[in-house]
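On the provided structure of chain W, position chain R as indicated by the hints.
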Amino acid sequence: MPKKELETANRPDNTAFTQQRLPAWQPILSAGIVIPGFVLIGLAFIGIGVALFLTSRNITVLEMDYTGVETTSDCYKCSAGTLPNCVCNLYFTLNETFPGTVYFYYGLSNYFQSYRKFGASRDDNQLSGDTYYFTSPLAVCTPYQYDVNNNPIVPCGISANSMFNDTFNLYQLVNGSKTVPLDGRGIAWWSDYNIKFRNPTSDPLRNAFNGTVKPPFWSKPVFELDLTDKSNNGFLNQDFLVWMRRAALPNFRKLYRRITGPDYASGLPPGNYTIEIAYNYPVMSFNGRKKVVLSNVSWMGGKNDFLGVAYLVVGSLCIVMSMVMLIVYAKFKFPDDV
Amino acid sequence: SEKCFSNGMHTSKYNVFTFLPLNLFEQFQRIANAYFLILLLLQLIPAISSLSWFTTVVPLVLVLSVTAAKDATDDIVSINMLQSERWMNVQVGDIIKLENNQFVTADLLLLSSSEPLNLVYIETAELDGETNLKVKQALTVTGDMGDNIQKLAAFNGEVRCEPPNNRLDRFTGTLNNAGQKYSLDNNRILLRGCTLRNTDWCFGLVLFGGPETKLMKNCGKTTFKRTSVDRLMNVLVLCIFGFLAVMCTILAIGNRIWEQRWGSDFTAFLPREDGVNASFSAFLTFWSYIIILNTVVPISLYVSMEVIRLGNSFYIDWDRNMYHAHSDTPAEARTTTLNEELGQIKYIFSDKTGTLTQNIMTFNKCSINGKSYGEKHKTVDWSFNPLADQRFSFHDHSLVEAVKLESPEVHTFFRLLSLCHTVMAEEKREGELLYQAQSPDEGALVTAARNFGFVFRSRTPESVTVVEMGKQRCYDLLAILDFNNVRKRMSVIVRSPEGKLCLYCKGADTIIYERLHQSCSKLMDITTEHLNEYAGEGLRTLALACKDLDEKYFKEWQQRHHVASTALEDREQKLDLLYEEIEKDLMLLGATAIEDKLQDGVPQTIEQLSQADIKIWVLTGDKQETAENIGYSCNMLREEMNDIFIVSANNTDDVRQELRNALNAIKPGAEVFTPVTSLGSKVKVIKDEEVDGEFGLVINGHSLAYALDGSMELLFLRVACLCKTVICCRVTPLQKAQVVELVKKYKQAVTLAIGDGANDVSMIKAAHIGVGISGQEGMQAVLSSDYSFAQFRYLERLLLVHGRWSYLRMCKFLSYFFYKNFTFTFVHLWYAFFCGFSAQTVYDEWFITLYNLVYTALPVLGMSLFDQDVNDMWSFQHPKLYVPGQLNQYFSKTAFFKCALHSVYSSVVLFFIPYAAMYDTVRSDGKDIADYQSFALLTQTCLVFTVCIQLGLDMSYWTAVNQLFVWGSLTMYFAVTFAMYSNGMYLAAPASFPFIGTARNSLNQPNVWLTILLTSILCVLPVVAYRFLLIQLRPTINNKVGPLSSKSGDQLHLSKIRRSSTRRSGYAFSHAQGYGDLVTSTRFLRRPAIVPSSGFTLLGRTTGFSPMGRSAGYSGGGGGSGAVV
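Those protein sequence lines, which keep their order, are chains W and R.
If you read the first sequence in full-length UniProt numbering, its first letter stands for residue 1, the second for the next number, and so on.
If you read the second sequence in full-length UniProt numbering, its first letter stands for residue 1, the second for the next number, and so on.
The set of hints was computed from the structure by calculation and includes no laboratory data.
Yeah, the Cβ is synthetic: ideal placement off N, Cα and C, and Gly gets one too.
Take the hints with a grain of salt, since some may be wrong.
As the list claims (entries may be wrong) - Taking lysine-lysine pairs in the DSS-like style, the calculated list, with each CA pair at most 30 Å apart, reads: (1) 880(R) <-> 331(W); (2) 1040(R) <-> 331(W); (3) 898(R) <-> 331(W); (4) 574(R) <-> 584(R).
What the hints assert, rightly or not - Across the chosen pairs, the derived CB separations fall in these ranges: (5) 101(R) <-> 15(W): 36 to 42 Å; (6) 1013(R) <-> 330(W): 26 to 32 Å; (7) 92(W) <-> 242(R): 53 to 59 Å; (8) 970(R) <-> 228(W): 47 to 53 Å; (9) 18(R) <-> 15(W): 38 to 44 Å; (10) 262(W) <-> 833(R): 43 to 49 Å; (11) 92(W) <-> 279(R): 43 to 49 Å; (12) 407(R) <-> 15(W): 57 to 63 Å; (13) 332(W) <-> 280(R): 58 to 64 Å.
Bound-form chain W, shown alone (with noise of 0.2 Å):
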């Protein structure tokens, strides 16, 4: 305003943020933005979708429950859990390549990982090798903090304690059968063997474990769970921290080996094969199943159809959409009186 203007002692400052005047976009749902915009989007995510779609396609997974329901399994002799240091074998056939590296999983079924007091219940100081909680674990690992002796648990906890102890060998039946080994090196995160998990420095191990006990239900203490690698043992066990990764969902399976053997590298030929499972973990009490799984990954890990399926649909819809919206704006533009 070209009026004179007194200048006082009162009068606010006249900056863009105190007039409420700063500079802004003000972007508005135009029907210049909105539908070409779904369009797009529509367009970008039926790409995505299929390119999913196509690599999930592409990977192999073979599934196979062993928890001997069935009588005419197997494994039904070892699911009552009566017979000790039960073997069973499971027999499948491949009629062509599977293309690798190939994984080996086990997989559980209506298992509870995921209920908080099973995640609670374990001491990550404890784990981290910190002595001092050798002695004294968490209240959290009630019922398994100390034994009847009142000796400490290590590792404590429901966590540790329910560790998966069912042991695979998988076999070719080529001109009798021929070991396929399995390599259970690096199956855990990095981070978990390298940082979260550490062993107490102490030589030999078992001394940093004098006046403690292994948890109930396992037949070995932690620091001999591998006796033919003394690397693997401990608090840094690869399946021991690979089942300490906690699934989120009551179904899960976790990597138990990968075959990277020299004439396994690339795949399993076609052919016979048998896995020789010691079957030790009971889960017919709680109407859990155990499987196996062989299973190669893509880009986008293992296979999961849903993701590439769902890009699919919401990418249609998103397209559908728009031209509904289009024929929506056409009819009913606005009216010019106002």
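Here is chain R on its own, set in the frame of chain W:
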């Protein structure tokens, strides 16, 4: 009264030591904070603690400290305010001295004054809105002490008086002094709220102080104001609590079933604690879920609301468009808790004097002998007249020319103005004249005459001295035919120095016209045109006429007058008849037009506000004519209106009948019973009704008293609401509040009261929002107001811009805030089905702690502080944009319900898309990714993206700050997440940061990112489509006039105020009767120039006067002041 109040009032609550305990105590009395304290205690029980204690403690401490800081600053501000207040130490019984133009801040018994007869002049505009001066007089026994401090201090008297009450027009009491008993009435009392005028000094004895003063008794209760959004929030929060309990019960039942069917089988791996069976587990689960799902009642909600309101209040303080440069007054938001209600106002109750008007009268135009002067040209230079008042300005030079040409009509015109009045002149130094006018109208007229060369210089009871065009002339003042509300005119009879007898008369045009000589008819027609023109412009008009008197006739008339004025019976009637007789066959001179200066932009503001469907009611203590006149000049009353009802009956039945008639006129055949819808048992609501045409209602205080009675209030309210304009005149402060309360009670509408004076305090306090006009002398209104600014016109900006924005922002904030928290919380609900209803959280505990405080706090705050759907210019151009606020359209129970449904949808997507995408899948190197920690990270990342995009959709005004907040929060999320999940943090505290490595291991996977993309897009796309279709199918007012509409290119045109000029009298005169007697009382004059020795008692009447303008004027022999020389 036994207990005397000191004049000060304490508002500070704390001192340094009591602050912490008191403040904490107060804060925990708020339900929300107490709730979180209980939650915290629950979390400390290991069996049910589903979340670590820090998830509640960190937010709670933050919220408490922010609130405490705010309370502390509020308290410090109020302490400072107290100290600046003078008068706080005044006690009952003190004697205090007041000087000219000082504000009276306690109820005083007037003891003595500087003026003769112990008179003081006071202005009561603050108290009742009347603009004329009033006179109070001290008792002689006290008045004789003068300003002798020793005598005053030694004065030994006892006052007995009525207990404190709210009657402004009544006082009874006695003063006992030296065995003598003197009666005290209202004439001896100076009430708090008055201003001393034209009086050098006076002494007063404090009778009532502080809260016991009549004014404060009229102020009504101070109530803690809450906004309708607050009240809605309380209901919603209760609903949410109920909903929370229902959810937790369902989940507990789920847990009971799970424990029975699966849990008891699973005990091999998941042993139960001793003594815990399925039912007890369910009981514990209930509480665990209470802890987890507590985020549906977000702790940061209340503190965020306060921050938003505070921010929006600062905008009001900072607004330069509401800063009044002339008085150097910025607008001030004195309450920081009511902002959004400014966007929902439906009724405005406005004071008149000082609010709509400036309380300044200016002589604007005149019509002399059929010629109209006063068109806007150059400002007239008064240098030709040494006695001119330089502050007076006139814009038509031709009138000066006419005066200089010695046109006889023009001279007579101004001579009349300089003679026919009751103004008193004071000449402290030669040429420096000071007029003491009883009403500003008269002051303006006499000043006009003065500037045009007819300078009223002094008066004695029998003479008036005028300097006419430089020549001093002394007129004998033979009679004053005083003004009263029935006569609506006043006359003087004077004898010129040449000996010519002349009667000069000024008054309402309709009255004068009836008394004109037939020869004037032609002039009458022209003058009528001018008068209509002036009236059309809202000017206050007076017609002027004169008449030469025959010496013989006058002598005879004077005799009869003398008889009549000493008559004991029917004196007034007889006098009136005499006046009537002599005031006839007048010769019309012309007319004057005085502008009761409205504040700048008042008509435009009122027009704009009524465009915004806001109803404006004027509540004034002033007279009916004055109020009506202002109604016209503000364009609230219009000639085109179908009808204007005037209710001024004096008993219940008549008032009822007049209101019924009005109702029938507006809605013929309307049912007698007011349609009322009941909400619950107590609350009744009158619905708005459609009206054909425009109506106005003017009701005076007497009638209002009946109309506000329980049996008639509904009828009154109904009629008033059917009218476009309502003007209540002659109302007391308490009635103002009653009217406001009435509307509050039966209309579910938000009210605003605006005023400047102490008489407005009650309604300011009663209304939802009180606005004070600041920058004036009295601060009463401002001190009890919620918002204050210097000019009425700023109201438009306060409501249409600040109020609208505040409301919009608050509603957007609430919708979004509930959405973001519900979505966040409901995901737990779905996960319950996959974790055995074990109260396992979906997210990392740190995420839960920081979600509301760090990751999503700033973007939504940014939105609620900066968002503008349209800018201020658009708000002004399209006042209709204000309507959605009045109808509560942006946030209501329905909106809340929609928001909850939206959250359900989002949470389903947020849980099940990651669930399905991660089901049985692995990383691209075959390792685990379907683990709990990765799943938690995936879901929470999806959530953060979703709520960010949703915010982006809601936000319509992206400033740089908003960009920074949104992108900053996203960045912050990743930075904090990676930091929390880093090696270093884990090594420092292994048990607190168990999520180590999760971010690295899952966020480098393409399928994780594709899941995030799908989830967040799927959450918002339906919203975009829904909103887009809604705009097309059911466009709201916003879409219609929004920047997108076809109208956006239209030229900006502010609605021009048109006034019609059909026949209407513009008469309004803020004069009170009784002053004719006053000016003719000899002793009244300070320096009686000549005391006539003739002993001729002027018109023979006892000159008892009635200082309060309202009371009947001619009561003789009052107060011992009626001595006649």
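Okay, the hints, checked on the actual structure:
no. : hint                           : in the structure
1   : 880(R) <-> 331(W)              : 26 Å, holds
2   : 1040(R) <-> 331(W)             : 17 Å, holds
3   : 898(R) <-> 331(W)              : 27 Å, holds
4   : 574(R) <-> 584(R)              : 17 Å, holds
5   : 101(R) <-> 15(W): 36 to 42 Å   : 38 Å, holds
6   : 1013(R) <-> 330(W): 26 to 32 Å : 31 Å, holds
7   : 92(W) <-> 242(R): 53 to 59 Å   : 56 Å, holds
8   : 970(R) <-> 228(W): 47 to 53 Å  : 48 Å, holds
9   : 18(R) <-> 15(W): 38 to 44 Å    : 39 Å, holds
10  : 262(W) <-> 833(R): 43 to 49 Å  : 46 Å, holds
11  : 92(W) <-> 279(R): 43 to 49 Å   : 46 Å, holds
12  : 407(R) <-> 15(W): 57 to 63 Å   : 58 Å, holds
13  : 332(W) <-> 280(R): 58 to 64 Å  : 59 Å, holds
In summary, this structure violates none of the numbered hints.
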